[in-house]
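Both chains are given apart, each in its own frame, so use the hints to dock them into the complex.
So the sequences go chain by chain: S and L. The opening position of the first sequence corresponds to residue 31 in our numbering, with each subsequent residue numbered one higher. The opening position of the second sequence corresponds to residue 22 in our numbering, with each subsequent residue numbered one higher.
Bear in mind the hints are in silico, worked out from the structure with no lab data behind them. As the structure is a prediction and not an experimental result, all values here were calculated from the model. Incorrect hints may appear among the rest.
Here are the simulated lysine-lysine pairs, BS3-like style, with alpha carbons at most 27 Å apart [claimed, not checked]:
1) K203(S) <-> K179(S)
2) K94(L) <-> K342(S)
3) K118(L) <-> K367(S)
4) K205(S) <-> K79(L)
5) K79(L) <-> K332(S)
6) K41(S) <-> K142(S)
7) K203(S) <-> K41(S)
8) K332(S) <-> K205(S)
9) K215(S) <-> K94(L)
10) K367(S) <-> K94(L)
11) K123(S) <-> K61(L)
12) K94(L) <-> K368(S)
13) K367(S) <-> K79(L)
14) K79(L) <-> K94(L)
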Amino acid sequence: MNYKFNIIDDKSLECKIVEFSNANFKLDSDYILNNFKIAFKSFGTLNKKKNNVILVCHALTGDQYVTGYNPVTKKDGWWSRMVGPNKPIDTNKFFVICSNVIGGCSGSTGPKEIDVNTNSPFGGKFPSITINDIVNAQNYLLESLSIKKLFAVIGGSMGAMQAIQWSLNYPDKIKNIIHIAGALKHSSQNIAFHEVGRQAIMNDNNWNKGSYKENGKRPETGLAVARMIAHITYLSENAMHRKFGRKLQSRDIISFGFDADFQVESYLRYQGRSFVERFDANSYLYLTRAMDYFDIVDKFSKAIEFPTISNKHINYLVVSFTSDWLFPTIENKEIVKKLNYFNRNVSFTEIETDKGHDSFLLDELELDFTINGFLESNYRKLESNE
Amino acid sequence: MNNKFSIRKDWRLIESLIVENSRILDIGCGEGGLISQLEKNINAKTYGIEVNSELARKAIAEGLNVIEGNAEKDLGQYSNNSFDYVILSQTLQAMLKPKDVLLELLRIGSKAIVSFPNFGHWRIRLQLLFTGKMPMTKGLPYQWYETPNIHFFTIKDFENLCKELNIVIEKSIGLTSSGKQFSISKKLSNENLFTSEAIFLLSYQNFEPIKLKSKQKTFVGNSIIAR
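If we strip away everything but chain L, and leave its shape as in the complex, we get (with noise of 0.2 Å):
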């Protein structure tokens, strides 16, 4: 749903927010290039889900863990808290439940790491204020009829869905439409109207989750104080 360049720095920029050896799921992982190259720097173990069968068969050709799948229909079948970290990048806005999805990423792993378009950035404002149409930009480039991007939010609107499901935002970066990074601040003053792309890594608190192994399975506990 984006250009190939604004694609890999998104990719680097997830990279940076993974711990090294960790147990990935990407959601939409089309051909598998994310955890490949999260394979190979960072030394995770990685698996996929990717709708489009024809990009699922090539990820599986590489010898990747990839299943042919739907992210709100197939994520019920992993247990609680099976991977390290769950990305959605780029694919919450074609959601048909996004809320539902966002539980999901935060109940079968310990973080989430969610990239999206931020429909608050100025050119949209000011696109959908002077030509009455709906916009359209580089990042999201479709017709309001054609468009795979059904939800469509603003960084605002994203924070105060996290508020309101007790998600914390642990990180967060935003990316200009010239690929500029920032961090986005807890007041938010000008960086909803200047991020075109914004990616949060998200978990229910702040600490660390607990771990209690017996022999057979791994217990593992979201958190210690009754959200």
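Bound conformation, chain S alone (with noise of 0.2 Å):
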């Protein structure tokens, strides 16, 4: 541990920020970052035993603000409904750290933090990134706070892939992972969806090869765009028949031209509005990037048959839901056939639903019993193991 760091109460963002210096951090493309810092937020105290802390990873357009008031969106955090003092992941009880991912953009470095090396934003300049390299610069976080042990680590879509990620990468400092709608590797027809947006992005006026920041003109149709294809994708269609059917959108009759005249586009459209004041377009194509080059596949069985670092205390959970057609259950079962090969614990659960991929982030009560259950019961276990 030779780098140096310094937690700073950032009082804008309302959060916690820690920055390294001379850190010498190692990406996977062979950049070193030896200046960066990760925004993060944390819930619930810290027990003496330090054996109740709880790591939640955000999924790709999230950020540190899990529960309580984010102070961009003006609205509640992501996971409120599940994160807080009596809720599934009960925060009287456990003590909770989410941080926002490196390449993000709520306060991590990222491609609109200005590069020290230049004095200007990094835009695209900025180093590409890994999940693996997400998950080490959270390590480096929980150094930073002195924390040695995860009771747990959470996460659903690409928070599902840092938490598998860090079973390979720290499996001797966790107990408990809970794997939601993700897979060891994203797919073909995700990669693909991925790339539409992106073009969209690129191809964008204002985009200027990422530098837009100094023009002030930022990508934000291009940006929209993404957002609303990928919308989609977080959906079934089922879920979006019972929401929109074919309704039209303050209107009796069609308009016979190319204004939102469906329920449907008018959403989409809101959605991409809203979506380019909180979220910036080249950590959208980082962050896309960083989940199209996620594939453990064949780390993760070397890992599970021979473990370097032993990782057979591990309880795996694992949950899909039957309408996500981007992390279908199939992807999710493969780790859980896996583990059960090398006679692992694990447990799995797919949940009936119609509301697709999003399903982790709604009000699914059967998720929320499965999780709580899965984390009171094992850190009953802890308690009286030790």
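Listed below in structure tokens is the structure:
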């Protein structure tokens, strides 16, 4: 641990930021980050034994505001229904940490932050980021907070990728993993959807090879289109039909034009518009790429069959949703099958819902029940063994 | 598929067949009642499969290693001899291919414990003989068109299948409909008439499996004599 760090209170972001210097943090791309920062929030209290820490990993466009007030959106955090006092992940009992991923845009080092070497924003010159880099950066954060053990790492979607990556990188630090709606690899279809989104951004004249901050004009149209495409993949056909059908938007007859005649169009346009207010287009490029590059099929098999650091103690919970076609049950079950083949502790359930991939963020009582029970019962076991 | 009292009795008998500190898979584990009992009472390391997702989630919420899955589709994911015991309680008669399932049990486990309702019980025989309709009893309370039990068999049938598959019956316990317990003898004279529920401990051979240990993996051989 040769690096230095400094923990500051960021008043405008209403979170803490750890600034690392002299870190010599080597990314998968061989780029070396010496200075970087991680923005995070924590909830609940760290107990004396320091055995109640839960790391929640956010998804592609998430942030550190997992619960409580988000000063950027001025709304509740993205998983407020799951995390908090007396919620399924109970902050009366657990100390929950959630950090903004590296490459993100809500306080951690990412393309919109200033590169100290050039004194201008990284923009398109930001180094390529992988899920492995994201997890290693989170480990820096935990080291700086003197946290040596995680009771659980929990995440959905890109957060699930991080959770399972944690089991490869630091298995000795973790007791439990909750992997929701993820996979051991990003599928060809998913890469394809990401590519369409990236093309929308990069073909926006304002993108300017990523150097748009200097010009004062952001590629908002491109980013909004990218979000609209992605949003479709988070839903399911049934859920869309149930919500919108062919209903018209604030009109009784079709307009014979290209206005948002249909409610579904109006909804997607709104999703696109509101997204650009809170998210950086370059971050979107870098993080979708991080997901595309994710493929730990071989590494995971090897780590389970011939662990260099023991991972036999880890309890895995894998959850999927019937209507999720982005990270379908079959992809989630690959993890379960590998673990079962080598006699590991794994639980698996597929929750029946028509809400698609987004289910993990929505009102799914069965998900609440499963996560809560899994955490509480395993915590009881831990306490009775200590 | 049975009333609570007889399930509990079933569990006690299953427990009596298992050595302490074993690795156990319970197929059709429900909410995990049996496996959590085995963890508590005989320090077993347990796993479960349950097809009903609500029940599986109840078991998961108790901190048990339970996967939602199907005995006929999902046993393939376990490697040979993953478990000391594989339990299939009151379920074999509901399988599409009971023979294949039976073989799978003894592939993934050194021993298998199988319990099932005996269709050769005298009451069932009499019902069919005198009413001419598919029998219904306390243990088998379903009409023919809605029963999950699609492959009925008797103790005799089961023993013949074991013989055909070279499976050794290490122990067998019969329960009468009033819950009286006795061991089923090899000759099988009256037992097939009086057993309403049977529990069998099965393996391929009568001796302990040979375990060859290397640093990374445990190789387990089932038998030394070619069958």
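Going down the list of hints, with the structure as the test:
1. About 5 Å separates the Cα atoms of K203(S) and K179(S), which keeps this hinted pair within 27 Å; it holds.
2. Proposed proximity of K94(L) and K342(S) is supported: the alpha carbons are some 25 Å apart, at most 27 Å.
3. The hinted pair formed by K118(L) and K367(S) meets the criterion: a straight-line CA distance of about 22 Å does not exceed 27 Å.
4. For a cut-off of 27 Å, the pair hint linking K205(S) to K79(L) stands: about 21 Å separates their Cα positions.
5. Between K79(L) and K332(S) the alpha-carbon distance is near 32 Å, which puts this suggested pair outside the 27 Å criterion.
6. The straight-line distance between the Cα atoms of K41(S) and K142(S) is roughly 19 Å, inside the 27 Å bound, and the hint therefore holds.
7. At most 27 Å may separate the alpha-carbon atoms for a hinted pair to count; K203(S) and K41(S) exceed this at roughly 32 Å.
8. As the CA atoms of K332(S) and K205(S) are separated by approximately 19 Å, the hinted pair is consistent with the 27 Å bound.
9. Distance hint between K215(S) and K94(L) is fulfilled; the C-alpha atoms sit about 24 Å from each other, no more than 27 Å.
10. As the CA atoms of K367(S) and K94(L) are separated by approximately 12 Å, the hinted pair is consistent with the 27 Å bound.
11. With a C-alpha separation of about 26 Å, the suggested pairing of K123(S) with K61(L) holds against the 27 Å cut-off.
12. Distance restraint check for K94(L) and K368(S): the Cα-Cα separation of roughly 15 Å lies within the 27 Å cut-off, and the hinted pair is therefore satisfied.
13. Between K367(S) and K79(L) the CA atoms are separated by roughly 21 Å; this keeps the pair inside 27 Å, and the hint holds.
14. Pair hint K79(L) plus K94(L) holds up; C-alpha atoms about 22 Å apart against a cutoff of 27 Å.
Checked against the numbered hints above, the structure violates hints 5 and 7; every other hint is satisfied.
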